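Here is what each chain is made of, one letter per residue.
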Amino acid sequence: MKERPEKVPQRIPAHQEGTAPQLSAEEMRAIDEERSHYESDAAAGLEALRIVQRERGWISDDSLRAVSAYLGIAEAELEGLATYYQLLFRQPVGPEVIQLCKSSSCWILGCDRLQTTLEKALGIHPGETSADGIFTLLENPCLGACDRAPVLLMNEELHSHLTEEKLQALLAEKRQRHADQSAD
Amino acid sequence: MLINPLTKNIGADDTALDLGAYRNNDGYRGWLRALRMSPEKLIDLVQKAGLRGRGGAGFNTGFKWSFVPGDRQAQPVRYLVCNADEMEPGTFKDRLLMERDPHLLLEGMMIAAHAIGATTAYIFIRGEYHRAAKVLENAIGEAEQAGLLTPETTGWEQPLRIYLHRSSGNYICGEETALLNALEGKRAIPRAKPPYPQVSGLWGRPTVVNNVETLCNLPHLVTQGADWYRQLGRGEDGGTKLFGVSGKVNKPGLWELPMGTPVREVIENHAGGLRDGLTLRGFLPGGGSTDFLGPQHLDLPLDYDAVGKAGSRLGTGTITVLDEATCPVGLVLNLSRFFARESCGWCTPCRDGLPWVVHILQRIENGEGTMEDLELLREHTIRMAPGNTFCALAPGAAEPIQSALKLFEQDFVDHIRGKACPFH
Ligand SMILES: Cc1cc2nc3c(=O)[nH]c(=O)nc-3n(C[C@H](O)[C@H](O)[C@H](O)COP(=O)(O)O)c2cc1C
Ligand code: SF4
Ligand code: FES
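Residue numbers (this note's numbering), protein chains in the order written: chain A, 1 to 184; chain B, 185 to 608.
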């Protein structure tokens, strides 16, 4: 079972002429660079999705179409990739993506309790985004830091030796940062 | 004598060695020496040293390379792929090597590239290893700038290229043929074998896939020789290995130790034994897809064949400890959930069997199981046995289940008879 949002992404009506979605210059540059690393151009499709997500947070239907148009790879082909790979998101995510390790060593050291804490604090289940739009919670396989269990990734930051207190403090800090940013 | 070739540069501070520091510590001497050797001699050296793949299967590395066709004129395009996917539950060894001594890995890759005639190499790294990816990218840039990959250094017609590929997820990408599909930009589904990648791999070209730790063994093996390498081990296998322990122990961690070090020494001396006065019920010797072993196996030397004879696998060499206060049924359920989620869905025993196994285990854990469920679980492990599926994911998933049913049978029975989990 993939831990994905239960809702199937809504199909957006077909694009009108002249409004074809565009890739940014930076996205095109990064995709071209990746493309030059492989013997076959088709290999760039997966890389392009990763790049677009890096720039936009997730892969919308528009983004999929833009990549399809740019690389000449069928949309269905790209959709097949986007729905296969766990780190590609076909739904919007918050600016803070939490990947909680649910594997063996973290389980032995209490990740289930941490998950309950997170679910209560954020009011969501894995695969969902909090009502304030800030946090997305995902369950992740072993993060390769089992000697520091239990652990989670908050975007690119690894947080280890977690306790419920540490977790609450971390959420409070991130909430504060986002509140400060929106006040600016 | 050098006894810790994998970690000799890794100090207490948490930084990565840059090119200058690496070279000051005799770095890239193995590469320069390998370039003066013929590929045949290099392959022979690695084979004689007895280096076995650290990705889990323990296949002799030199022997693996020897299947790459020798006629370079006929097949000039060849690839080397470093498997840095490290997603096996309980495994945390490659991360250290990449984050702290990236040039050791690059040097190992260069040596392997020379052996098999590859002019393009990829590091396939899991997407969650952000720091390791940045460190490696930087190191690749340093090596390029220093001219280590140019025809002037190598004497080859083309420069050697090393690219970092960030994976977009899924444990199955670590399986070497699924990995090749991922690199080609396809869904990561394992390929039917034969043909093996050495003959027809990436885009149908001869390709070798090696684990990070395997490649990190090469630089010193080349400078110090096969005899030195063999005698590093304490038992049958040569060399050293990163052994780790996680779970409820006093000092979870990772240590470079001789192959053949007894389990007890790793768990009791290095990891400081179990914490809070707990006793050991069992352990997974090398990740979530290895069979549980019990306290009676503590004196087992950590060698591939010795662990195999005891009924498990050395796997990745990172041990997960199961203590008396943790429910074995719960742990097996946790592992089976992981494998069910990660199944690529190609073969029936895996795609349909694993969710079924999860369902049964959950039922037992909830106190709603029956004695027939145990028989059903056993049947599933037989259906997932090697040969019934395209790849080793399902056989690997069966290992902790089948061994738990033997070692911890009473715990399963107690759940069923007592109609509840005794650990709650
Ligand atoms: C489901 C599955 C996942 C695997 N994941 C990894 C991995 O993350 N890293 C790795 O090196 N090998 C992994 N392997 C083993 C590889 O298929 C392959 O044997 C290995 O990379 C070969 O390198 P070595 O000979 O240097 O050990 C996995 C195998 C399977 C079946
Ligand atoms: S055993 Fe499982 S993961 Fe491997 S090919 Fe079959 S379905 Fe896919
Ligand atoms: S089990 Fe959580 S990091 Fe490995």
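Hints were generated in silico from the structure; no laboratory data involved. Treat the numbers as computed from the prediction; the structure is a model and nothing was measured. Idealized CB from N, CA, C, for every residue including glycine. A few of these clues could be false.
[What the hints assert, rightly or not] List of simulated lysine-lysine pairs, DSS-like, C-alpha gap at most 25 Å:
| # | chain 1 | residue 1 | chain 2 | residue 2 |
| --- | --- | --- | --- | --- |
| 1 | B | Lys-377 | B | Lys-192 |
| 2 | A | Lys-174 | A | Lys-120 |
| 3 | A | Lys-166 | B | Lys-603 |
| 4 | B | Lys-192 | A | Lys-166 |
| 5 | B | Lys-192 | B | Lys-435 |
| 6 | B | Lys-432 | B | Lys-318 |
| 7 | A | Lys-120 | A | Lys-166 |
| 8 | A | Lys-174 | B | Lys-435 |
| 9 | B | Lys-590 | B | Lys-603 |
[What the hints assert, rightly or not] Chain B is faced by these chain A residues, among others (derived, beta-carbon under 10 Å):
| # | residue |
| --- | --- |
| 10 | Leu-46 |
| 11 | Ala-82 |
| 12 | Lys-120 |
| 13 | Gly-123 |
[Claimed, not checked] Below, a sample of chain A positions facing chain B; criterion: calculated Cβ distance under 10 Å:
| # | residue |
| --- | --- |
| 14 | Tyr-38 |
| 15 | Glu-39 |
| 16 | Gln-99 |
| 17 | Cys-106 |
| 18 | Cys-146 |
| 19 | Leu-153 |
| 20 | Glu-157 |
| 21 | His-159 |
Checked hints:
1. B:Lys-377 <-> B:Lys-192: Given that 25 Å is the threshold and the Cα spacing comes to 38 Å, the pair is violated.
2. A:Lys-174 <-> A:Lys-120: holds (16 Å)
3. A:Lys-166 <-> B:Lys-603: violated (36 Å)
4. B:Lys-192 <-> A:Lys-166: Judged against 25 Å, a Cα distance of about 34 Å means the pair is violated.
5. B:Lys-192 <-> B:Lys-435: holds (21 Å)
6. B:Lys-432 <-> B:Lys-318: Measuring from Cα to Cα gives roughly 32 Å; hence the hint is violated.
7. A:Lys-120 <-> A:Lys-166: holds (15 Å)
8. A:Lys-174 <-> B:Lys-435: This hinted pair is violated, its Cα atoms lying about 31 Å apart.
9. B:Lys-590 <-> B:Lys-603: holds (20 Å)
10. Leu-46: holds (4 Å)
11. Ala-82: Where the cut-off is 10 Å and the nearest Cβ of chain B is about 9 Å from Ala-82 (chain A), the hint holds.
12. Lys-120: Lys-120 (chain A) check fails; min Cβ-Cβ to chain B is 20 Å, beyond 10 Å.
13. Gly-123: It is violated, given that the least Cβ distance between Gly-123 (chain A) and chain B is near 24 Å, above 10 Å.
14. Tyr-38: holds (7 Å)
15. Glu-39: holds (5 Å)
16. Gln-99: holds (7 Å)
17. Cys-106: holds (9 Å)
18. Cys-146: Result: holds, 4 Å to nearest chain B Cβ.
19. Leu-153: holds (6 Å)
20. Glu-157: holds (8 Å)
21. His-159: violated (13 Å)
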